[in-house]
Amino acid sequence: MTAQLNQLPAKTWWLQGLLDTFQARASRWPLRWRQGLKISAGLIAALLVLGILTAPLNLYSQAAFAAVCFAASLIIRKQAGRLAILTLITLSLVASLRYMYWRLSDTLNFDNWQDAVFGYGLVLAELYALLVLVFGYVQTAWPLHRKPQFLQQPPAEWPTVDVFIPTYNESLGIVKLVVLAAQAIDWPEGKLRVHMLDDGRREEFKVFCQQIGVNYITRDNNQHAKAGNLNEALKVTDGEFIAIFDADHVPTRSFLQITMGWFLKDPNLALLQTPHFFYSPDPFEKNLDTFRSVPNEGELFYGLVQDGNDLWNAAFFCGSCAVIRRTHLLEVGGIATETVTEDAHTALKLNRRGFNTAYLAVPQAAGLATESLSRHISQRTRWARGMAQIFRTDNPLFGKGLNLGQRICYLNAMMHFFYSLPRLVFLTAPLAYLFFDAQIFHASALMVTVYVLPHIFHSSLTNSSIQGRFRHSFWNEVYESVLAWYIMRPVLLALISPSLGRFNVTDKGGTIEEDYFNWKLARPYIVLLTLNMVGLAIGVVKLIGSDSAEATTLLINLAWTVYNIVIVSTAVAVATESSQVRNEPRVPADLPVRVYREDGTWFDCITRDFSQNGVGLALPPQVLLNVNEKLRLCILRTPPSSLFPAKTVFSNDNVAGVQFEALTLRQQSELVRLTFSRADTWANTWGNGRLDAPMSALREVSSIGFRAILRLFVATLKDSQALLRKRPDTPSPIDSTADTQRS
Amino acid sequence: MKYVDDITKLFTRFGANAENYQEIQPNYKAFKDDPVTPVLVEPEPSVALPPPTPTPTPPVFLLDEPQPSLLIGAPKSPPLTVPPASSATGDRQRLSDLLRELNQVRRDGLPETTRKRTKAKVIAIVSANGGVGKSTVAAGLAKTFRRPGGRTIAIDLDPQNALSSHLGITRQAPGLIQLKEQNADWGAHRLPGFSDSECLPFGTGEVNDRRLLKQLMLEDSDWLNQHLASMDLSENDTVILDTPSGATVYSQQALDAADLVLVITVADAASYLALDTMTQWLETTRRRAQRHRYVINQRDDSRSFSRDMGVLFLRRLGADLIGTIRLDHQFNESLAYGRDLLQYAPESIGYRDILSLSGAVHALLFADTSSQQGTP
Numbered sequence: 001m002t003a004q005l006n007q008l009p010a011k012t013w014w015l016q017g018l019l020d021t022f023q024a025r026a027s028r029w030p031l032r033w034r035q036g037l038k039i040s041a042g043l044i045a046a047l048l049v050l051g052i053l054t055a056p057l058n059l060y061s062q063a064a065f066a067a068v069c070f071a072a073s074l075i076i077r078k079q080a081g082r083l084a085i086l087t088l089i090t091l092s093l094v095a096s097l098r099y100m101y102w103r104l105s106d107t108l109n110f111d112n113w114q115d116a117v118f119g120y121g122l123v124l125a126e127l128y129a130l131l132v133l134v135f136g137y138v139q140t141a142w143p144l145h146r147k148p149q150f151l152q153q154p155p156a157e158w159p160t161v162d163v164f165i166p167t168y169n170e171s172l173g174i175v176k177l178v179v180l181a182a183q184a185i186d187w188p189e190g191k192l193r194v195h196m197l198d199d200g201r202r203e204e205f206k207v208f209c210q211q212i213g214v215n216y217i218t219r220d221n222n223q224h225a226k227a228g229n230l231n232e233a234l235k236v237t238d239g240e241f242i243a244i245f246d247a248d249h250v251p252t253r254s255f256l257q258i259t260m261g262w263f264l265k266d267p268n269l270a271l272l273q274t275p276h277f278f279y280s281p282d283p284f285e286k287n288l289d290t291f292r293s294v295p296n297e298g299e300l301f302y303g304l305v306q307d308g309n310d311l312w313n314a315a316f317f318c319g320s321c322a323v324i325r326r327t328h329l330l331e332v333g334g335i336a337t338e339t340v341t342e343d344a345h346t347a348l349k350l351n352r353r354g355f356n357t358a359y360l361a362v363p364q365a366a367g368l369a370t371e372s373l374s375r376h377i378s379q380r381t382r383w384a385r386g387m388a389q390i391f392r393t394d395n396p397l398f399g400k401g402l403n404l405g406q407r408i409c410y411l412n413a414m415m416h417f418f419y420s421l422p423r424l425v426f427l428t429a430p431l432a433y434l435f436f437d438a439q440i441f442h443a444s445a446l447m448v449t450v451y452v453l454p455h456i457f458h459s460s461l462t463n464s465s466i467q468g469r470f471r472h473s474f475w476n477e478v479y480e481s482v483l484a485w486y487i488m489r490p491v492l493l494a495l496i497s498p499s500l501g502r503f504n505v506t507d508k509g510g511t512i513e514e515d516y517f518n519w520k521l522a523r524p525y526i527v528l529l530t531l532n533m534v535g536l537a538i539g540v541v542k543l544i545g546s547d548s549a550e551a552t553t554l555l556i557n558l559a560w561t562v563y564n565i566v567i568v569s570t571a572v573a574v575a576t577e578s579s580q581v582r583n584e585p586r587v588p589a590d591l592p593v594r595v596y597r598e599d600g601t602w603f604d605c606i607t608r609d610f611s612q613n614g615v616g617l618a619l620p621p622q623v624l625l626n627v628n629e630k631l632r633l634c635i636l637r638t639p640p641s642s643l644f645p646a647k648t649v650f651s652n653d654n655v656a657g658v659q660f661e662a663l664t665l666r667q668q669s670e671l672v673r674l675t676f677s678r679a680d681t682w683a684n685t686w687g688n689g690r691l692d693a694p695m696s697a698l699r700e701v702s703s704i705g706f707r708a709i710l711r712l713f714v715a716t717l718k719d720s721q722a723l724l725r726k727r728p729d730t731p732s733p734i735d736s737t738a739d740t741q742r743s
Numbered sequence: 001m002k003y004v005d006d007i008t009k010l011f012t013r014f015g016a017n018a019e020n021y022q023e024i025q026p027n028y029k030a031f032k033d034d035p036v037t038p039v040l041v042e043p044e045p046s047v048a049l050p051p052p053t054p055t056p057t058p059p060v061f062l063l064d065e066p067q068p069s070l071l072i073g074a075p076k077s078p079p080l081t082v083p084p085a086s087s088a089t090g091d092r093q094r095l096s097d098l099l100r101e102l103n104q105v106r107r108d109g110l111p112e113t114t115r116k117r118t119k120a121k122v123i124a125i126v127s128a129n130g131g132v133g134k135s136t137v138a139a140g141l142a143k144t145f146r147r148p149g150g151r152t153i154a155i156d157l158d159p160q161n162a163l164s165s166h167l168g169i170t171r172q173a174p175g176l177i178q179l180k181e182q183n184a185d186w187g188a189h190r191l192p193g194f195s196d197s198e199c200l201p202f203g204t205g206e207v208n209d210r211r212l213l214k215q216l217m218l219e220d221s222d223w224l225n226q227h228l229a230s231m232d233l234s235e236n237d238t239v240i241l242d243t244p245s246g247a248t249v250y251s252q253q254a255l256d257a258a259d260l261v262l263v264i265t266v267a268d269a270a271s272y273l274a275l276d277t278m279t280q281w282l283e284t285t286r287r288r289a290q291r292h293r294y295v296i297n298q299r300d301d302s303r304s305f306s307r308d309m310g311v312l313f314l315r316r317l318g319a320d321l322i323g324t325i326r327l328d329h330q331f332n333e334s335l336a337y338g339r340d341l342l343q344y345a346p347e348s349i350g351y352r353d354i355l356s357l358s359g360a361v362h363a364l365l366f367a368d369t370s371s372q373q374g375t376p
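Read top to bottom, the protein sequences are chains A and B. With my numbering as the guide, the letters of the first sequence map in order to residues 1 to 743. With my numbering as the guide, the letters of the second sequence map in order to residues 1 to 376.
Chain A extracted, bound-state conformation (with noise of 0.2 angstroms):
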């Protein structure tokens, strides 16, 4: 709901209106009418669907019929409003299952069997494609955009809760951060209780809960990793609810308050999940500089996705920021241990045993992200590998328990893994033909882009407009890109073999000295780049001197592999580590402090940002601190807080960098209360990006992909000369690259 606040007051589209009315007269008629009515209008409506996909349209009458659907499109993409977004999603329907049975009856002969081979494998990834697509629309189109339940009963009627702070290799530095905000939920003393589960066994973990009252849980194996953690907590405890947030997930004061009103409202709720929030940026927003300007990965899934399965009741627990109902988790056996991705396979076991779950889309909690590629691939990695554990042992299509859009969310969420075959094989069709002429379509150049392009637009425009801030289009092939070839082999072996694969810890907090560019991870896309880059050459030299008919094709499969050229040179861009100069991530936030100088006088300002030892501060004008000078620090509210000494790190014209000195446990506390558990501070970016304008996210795309090849270029000069001059008798992987770089 908090993105429906912040969309523009777009007007309501008047069909809508029209429909309502219609509605509300039609609810007066009796029963028996209003189902007859919605079957015969759905049996017309199946009939004239299936009509119009099979419909065999010559080249200018489906040019005719493609272009009226698109305008169509576009004039009612302006409108708001549920039964716009609906129209559109059967718009783009018709064209991609009409170009789909086109494809399937008309473009299959092929010639030979390479023609075949490619041919099929590029059918059965645009089948995957569609499937995912259709299941998408599923998922997303209508998000329930749940509001939180306001606690009604007195405190003292309120329940325990159990708060898990899994831990296994983070630093105290960082864990710290958590255990302290979490003591500090408002919540009944007595009924919150906070619990580190600590794997590592590390000693100043344990001192440091002795010191502030906290459960230490240690056990004496590390089964199971998470899960088994977990599990092991529930025997010792004994909340009547289990609040879990990941060893960097810092949760808001107002975390519990405003989840747990949904529990007491129905007791058949088991789970209610709340959005990762991430206050810094992932790999893909630090090397592209894109953090905050251009939705991440986890925006569309915690915006859109969970929302949209949270209609179906099948929004699922990520792990981290959750709430659980200690009964109903310990009926379907706890924690689930049979997979890597044990939190998705718990909500599944949940509603299959009947249980609800809920999604409340308010970030009220935030984490830090992955910083470093390799950790971000290794974590997707895991997830993959679990979802296609899942999809092995616990398929979601069978098995008791579930309604059919419980079934599709929960596939989706699994096939939606499965990307990475179909999307390499995306990347390098055309080559296919312009490489080994290979007709992998047996259609005239002409009927495909008749059919083609409906397809491609349609769900390109209709994603656009449900997916609006939570995602811009083109990064989701530049996100996917990326991951491809590092998840395809997980998840090919688990689905072959499920039980093969363990649990990695995405390690977080790391920090990189430099830039650099990571020749390693991006060593698959630069080939994929030169692979691309040769078949354009290839391309452009056959089309002179081609007549026109090759010259259509040419021109589809060249438009094709320059499209793939910008997705895999922005996957390269982002292969380019950038340094991470700060140790910790600074939060912005204005917040009215009064500071104490050590002359005596004292002034009034705002904070610009806060990180975990200090904050920036906005000077008012003619103030001036000295580097070094010792300060104390008021934030004004009511009451005023405590006074947190500090010291001025760097002074110039109207902002100061303070950082906090040795600080007690108790100031300690009392700043986190403060600072980053404070409630709205998360809430108040959620669902504020840009909207998504697919021209200019394809400039910037295309923009950052081409920087991406120039620097590859200079890189490689640069690495090969130092290479040759170095060790010139070891054969390097990237000298081949380097090479065919040059040519």
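These are computed hints drawn from the structure, not numbers from a lab. Keep in mind the model is a prediction, meaning the values are calculated, not measured. Do not take every clue at face value.
To be verified - List time: in silico EDC-like cross-link candidates among lysine to aspartate or glutamate, alpha-carbon distance up to 20 angstroms: (1) K32(B) to E157(A); (2) K116(B) to E181(B); (3) K119(B) to E23(B); (4) K630(A) to D185(B).
Since the structure of chain A is provided, determine the placement of chain B on it from the hints.
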């Protein structure tokens, strides 16, 4: 600067009312902070005693607080140089003897001349028992007592932290609890109160904070003196110290700093009886050149018993009774509504009595500046 609560901001996003929200301040009971884990620790270097102290100073021994609520973590057995008999609180006579001895030792050990003292006049407001209106009198003096070209600063040494409210200061601000370290700058934290008075509140804090403050006071009998000295006040300035009832660490600090001690009492039996202990205590701790005077507060002339008690007090105290303030409900009302009595009811009897007390104190302190040395 308008401050909007984070909860309100969040709730406004869903169009909900933040009234449903329950703010629950975390308690820090379980917090055991790094350097201060045990109560009895080495004194921090910053509060080390001044160099010219050849003999180790035994901490001030004090009667314990009369109100149980104020018994906050004073060490069970203070590291006294006296034999354990000191803990036998039952024997009053013996106790006061001990006190006298102790204080003699302390005074001799630390000659006053070596200490840096503030130039301002310091008035301590004390009482034997509670509820006699110390804060009211302290606030009244803070508003009315003014030397030409000088300021009057009221410092609250009472953990109840009520003085600032009497001076119309409503907002929470750091007080002594926060500013206990020797390097803390008291001057910077004075808050402006009614009638150009200034106030340094006691501040609010957790049990542990008060314990720390108390520990500092126990270790350094000169704690307050040093703070006052560091405020750099001029001789025209006046400091008024409000203290908790009875003999406490806080009032002890005040007595050690005061030029004039005003004992506030009410004209009733309990106060009359408590007067003995008070006098005894004051005698044992009297500094050189310190005067003790008494003020009867809340005298209710409409009741004959109160009048009679007043006569008894007068007979007993004689010239030491420097003022009488009659019972005036305006005090209560103006406090409740956060109003300044001076503006709100300048003609009230209570206010007139405060003015005349202020005048008497002024006369006492400044009329005979030359002969002050010899005064007992």
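Hints and how they fare:
1. K32(B) to E157(A): Violated - the C-alpha atoms of E157(A) and K32(B) are around 30 angstroms apart, more than 20 angstroms.
2. K116(B) to E181(B): Holds: K116(B) and E181(B) sit about 17 angstroms apart, inside 20 angstroms.
3. K119(B) to E23(B): Given pair K119(B), E23(B) is violated - Cα atoms ~46 angstroms apart, limit 20 angstroms.
4. K630(A) to D185(B): holds, 13 angstroms
The structure fails to meet hints 1 and 3 from the earlier list, while all remaining hints are met.
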